[in-house]
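S.K.: Since the structure of chain A is already known, use the hints to place chain B on it.
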Amino acid sequence: MFARHPSRGLAHSLSASSRGGLSSALSILCLVPALGAADDELVLDEEVIVVTGTRTETPRQASPVTTEVIDRERLEKSGTQTASEALALRPGLWVDRGVAGTSGVTVQGLGPQYSLVLVDGARQIGRTDGYLDLDRFATDDLEQIEIVRGPASVLYGSDALGGVINLVTRTPKGGIAVDAVGRVDSRLGYEARGRIAVGSGRYGGSLTAGHRTAAAIVDPDSAEGGTLFDAYDDTHAAAKGIARTDNWRFDAATDYSRRDLRGVSVMATGAVLDQRNLVETVTSRLMARWSRDETAVGLELSGNIYRDQYVSNQRRSDLLDQYQLTDENLVESRIQVARQLAARHRGLVGGEVLREALDADRLAEAGGRTRVALFVQDEWRVTDSALVVPAARLDVDTQFGTHVTPRLAARWQVGDDAVVRSSVGTGYRAPAFKELLLLFSNPGAGYEVAGNPDLEPETSISLQVGGEWTPTKWLWFGVDAYANRLREMIAIVTRPPDGEALMFGYDNIGRVRTYGGEGYAIAAHGRAGIELGYALARSRDLDASRPLEGIPQHRVTVTARWRDKVAQLDAFVAVVFTGHRPLYLSSDPQDATVTDRRVEVRARIGRRFRGGYGGFLGIDNALGAGDDERDRIYPRTVYAGIEVHP
Amino acid sequence: MRCAPTVFLLGACFQSIAPDVPDANDVAPTTGKFATTQNADGSFTTIVDSSSQTEATLGDFDTRAAVMASEPWDLAFQRVEITPAPGVEVARVEAAFVDVVVPPQTGWSGNVVDDWYDYNAETHVLTPRPVTYAVHTSTLTFAFEIERYYDEAGNAGFFTLHWRSL
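If you read the protein sequences in the order shown, they are chains A and B.
Start counting the first sequence at 10; every next residue gets the next number (this note's numbering).
Start counting the second sequence at 5; every next residue gets the next number (this note's numbering).
Accuracy of the hints is not assured; some may be wrong.
[To be verified] Label-pair restraints from in silico Cβ distances: (1) B:Val25 - A:Asp368: 46 to 54 Å; (2) B:Asp24 - A:Asp368: 46 to 54 Å; (3) A:Ile651 - B:Glu156: 48 to 56 Å; (4) B:Asn124 - A:Ala427: 54 to 62 Å; (5) B:Pro134 - A:Asp330: 32 to 40 Å; (6) A:Asp597 - B:Ser113: 29 to 37 Å; (7) A:Thr503 - B:Pro134: 26 to 34 Å; (8) A:Leu626 - B:Pro134: 54 to 62 Å.
[What the hints assert, rightly or not] Some but not every residue of chain A turned toward chain B, in silico, with C-beta under 8 Å: (9) Ala277; (10) Arg285; (11) Val320; (12) Gln323; (13) Arg325; (14) Ser326; (15) Asp327; (16) Leu594; (17) Ser596.
These are calculated hints, taken from the structure and not from any lab test.
Quick reminder that beta carbons are idealized off the backbone N, C-alpha and C, glycines included.
Just chain A, with the same shape it has in the complex (with noise of 0.2 Å):
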């Protein structure tokens, strides 16, 4: 991906024609206001470049695809230590744990399997029951998060349907920069990290690294010692260096990330498993840009290995003991090519080849596969105020061959205070690994799961409608409507059985529509930001009739920020509301189990001190919200601490 490097001519000509000033960025959509020019106000006027919707750097307000930002302002000043933490406060974001107690999140009403994480727009792997952890991506060297809701296949191929999350690290800058924090919490938990960044004029570069631990969360009611949750022991490393000339830049990047997690799970059948589940992540990133005039070349190329080890002892018998291992990797090259054609029109073309491979110890064998994809697109400025891009995009994949996913947006400047943005667009999610290959026996339930090697890949149509209006400088109203359309859903089915076991398998025959809406409101003024958020989220399986498992229908956010310059202290609060959840946990499949209403508060304060220190004191889920059987979250967890930015 072509992020945070300039493709000069499509930014600057887009910001000309939309408004500028205090309107123009709103990088609000990431809750809280970044400190603009009033040193010791909070204002609404940063300009915030993003470039997860188009693949092209692009001011925010200015993009044809709505894209919602969470600043490092925000990562810093709200405590949130994980990607998760931070997804999780906005409230069109549902942010779970699947079975695995893995982080997820679920975008427009489509679980976590359909939306894509990237990391400086390079592919994550590591999917656990289509759970991609997004604890494992900690918040220390993020310059921001990207948010794109909709389906994004046409840009980014498989898996963005319900959205993209986009990760993008922090960039070293001139000079040398320091900051390391140490914190401290209420579960016997601590944190340290660190970061050191060093820059020119042409070179650049930084290391980041940090260690995170906290013990497991017992069940009070369990006498064998079960735990509510693991314990984790969490460590990152990353590099990164840049390299400028007048025409180029390159990126190398390289980051490896380890995540121990140890519980005891007690079954009903009275057995009791000691657990362990050791995740760790090599990426590693190459990037080289070149642009001049209306031009701008990019290359790619990164990898990416994930490999999973889970080992399961049971008490008093090895009956069940497990030793499970996956490995997983991906190499993914780029190439793209933007360019001025003419006055009104801005094409991009690209072409991509991606190499994916899975190995463990379920799948009848390991799995591999390669996708070449070409993808086109046009930004053709119709009128001064009037935004159209066509877009398409052609994968070729040697599993399941030929596939095309066309996407039409376009963007309305209404005046001077309020723009318009729709999309049509198509999405799917190809087969993973394991649909296609597993072979797994449970001989004490009695039943078999086959994978079917001749899936197709899921499918979507979606129709996204939004707009944003600032009808003052310090007041900022943003509301999108959206409607899915998901085809071809990979579902389990029952096969005629194999002698006496249940033999279970996969097909494409399972359609779900989902549709809703999400609005904000948003005000900074003097010391005081405030953010009002709700999202509507009616998701329905057309087969069974019901509502989509887990997913709230209704979610308020209410997010507030304080800043003295004076006094150096900055305070955070944020309210989330989370409406009821339906699961299904009896024979029956329209006997739902409905979850109760949550209400989490997240509140830290920080205040400065002179050379550079600080100290910082955060409570999370302060009410003590969830419970233990159907909504398991993070007890209250006061946690205090100290950081240094000299």
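M.R.: Chain B in isolation, oriented as in the chain A frame:
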């Protein structure tokens, strides 16, 4: 520790957590395929290992032992199913075990017994129903109830039968 080459000629070393020695705390869940003890009231408690997906445990209640297929047997146990031997009949009695003191008059058949449990779809646990089964062989008539389907370690496929002659 296992190392592997990655892209761009970078190496990655991953720690292995695969268990390399058996857990000393693990113990055999039962003392055999058909372990019987006599209770103070003269009844018997038998733990039957039916955990094999491919091979049934054949129980001879006269000798209170598991036997080979070539020998006389009464009931075969495999996973959740209890199959009478040819010529053996079973009758389900809707009564508690202590209340069944004589063989029932009706309901005898040679059908497979697979209706003895309630299934919890949430926990996937099988719970024995409060019923009693009477068994009639050429040499013995007895009644049994199923107390558990899981052994002390929580493994499925280990019937605990409480039975006595009628």
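S.K.: Indicate, hint by hint, whether the structure satisfies it.
M.R.: Against the structure, the hints:
Distance hint for Val25 (chain B) and Asp368 (chain A): a CB-CB separation of about 25 Å, inconsistent with the stated range 46 to 54 Å. The given range of 46 to 54 Å is broken by Asp24 (chain B) and Asp368 (chain A), whose C-beta atoms sit roughly 21 Å from each other. Judged by the Cβ atoms, the range 48 to 56 Å given for Ile651 (chain A) and Glu156 (chain B) holds: they are separated by roughly 51 Å. Our hint of 54 to 62 Å for Asn124 (chain B) and Ala427 (chain A) holds, since their Cβ atoms are close to 55 Å apart.
A beta carbon spacing of about 34 Å between Pro134 (chain B) and Asp330 (chain A) agrees with the range 32 to 40 Å that was offered as a hint. In this structure, Asp597 (chain A) and Ser113 (chain B) meet the distance hint of 29 to 37 Å, their C-beta atoms being roughly 30 Å apart. Hint check: Thr503 (chain A) to Pro134 (chain B), Cβ distance near 31 Å, so the stated range 26 to 34 Å holds. Separation of Leu626 (chain A) from Pro134 (chain B) is about 57 Å and conforms to the stated range, judged on CB atoms against 54 to 62 Å.
Given the 8 Å rule on beta carbons, the hint for Ala277 (chain A) holds: about 4 Å separates it from the nearest Cβ of chain B. Taking 8 Å as the C-beta contact cut-off toward chain B, the hint placing Arg285 (chain A) at the interface holds, the least distance being around 6 Å. Because the closest C-beta pair between Val320 (chain A) and chain B is about 6 Å apart, less than 8 Å, the hint holds. Interface hint at Gln323 (chain A): satisfied, since its Cβ lies 6 Å from the closest Cβ of chain B, which is below the 8 Å cut-off.
Taking 8 Å as the C-beta contact cut-off toward chain B, the hint placing Arg325 (chain A) at the interface holds, the least distance being around 4 Å. At a threshold of 8 Å, the smallest CB-CB gap from Ser326 (chain A) to chain B is about 3 Å, leaving the interface hint in force. The beta carbon of Asp327 (chain A) is positioned within 8 Å of a beta carbon in chain B (closest approach about 4 Å), and the interface hint is therefore held. Hint status for Leu594 (chain A): holds, given a least beta-carbon distance of 4 Å to chain B, under 8 Å.
Contact between Ser596 (chain A) and chain B, as hinted, is supported at the beta carbon level, the nearest pair being about 4 Å apart and thus within 8 Å.
In this structure, the earlier hints numbered 1 and 2 are contradicted, and the remaining ones agree with it.
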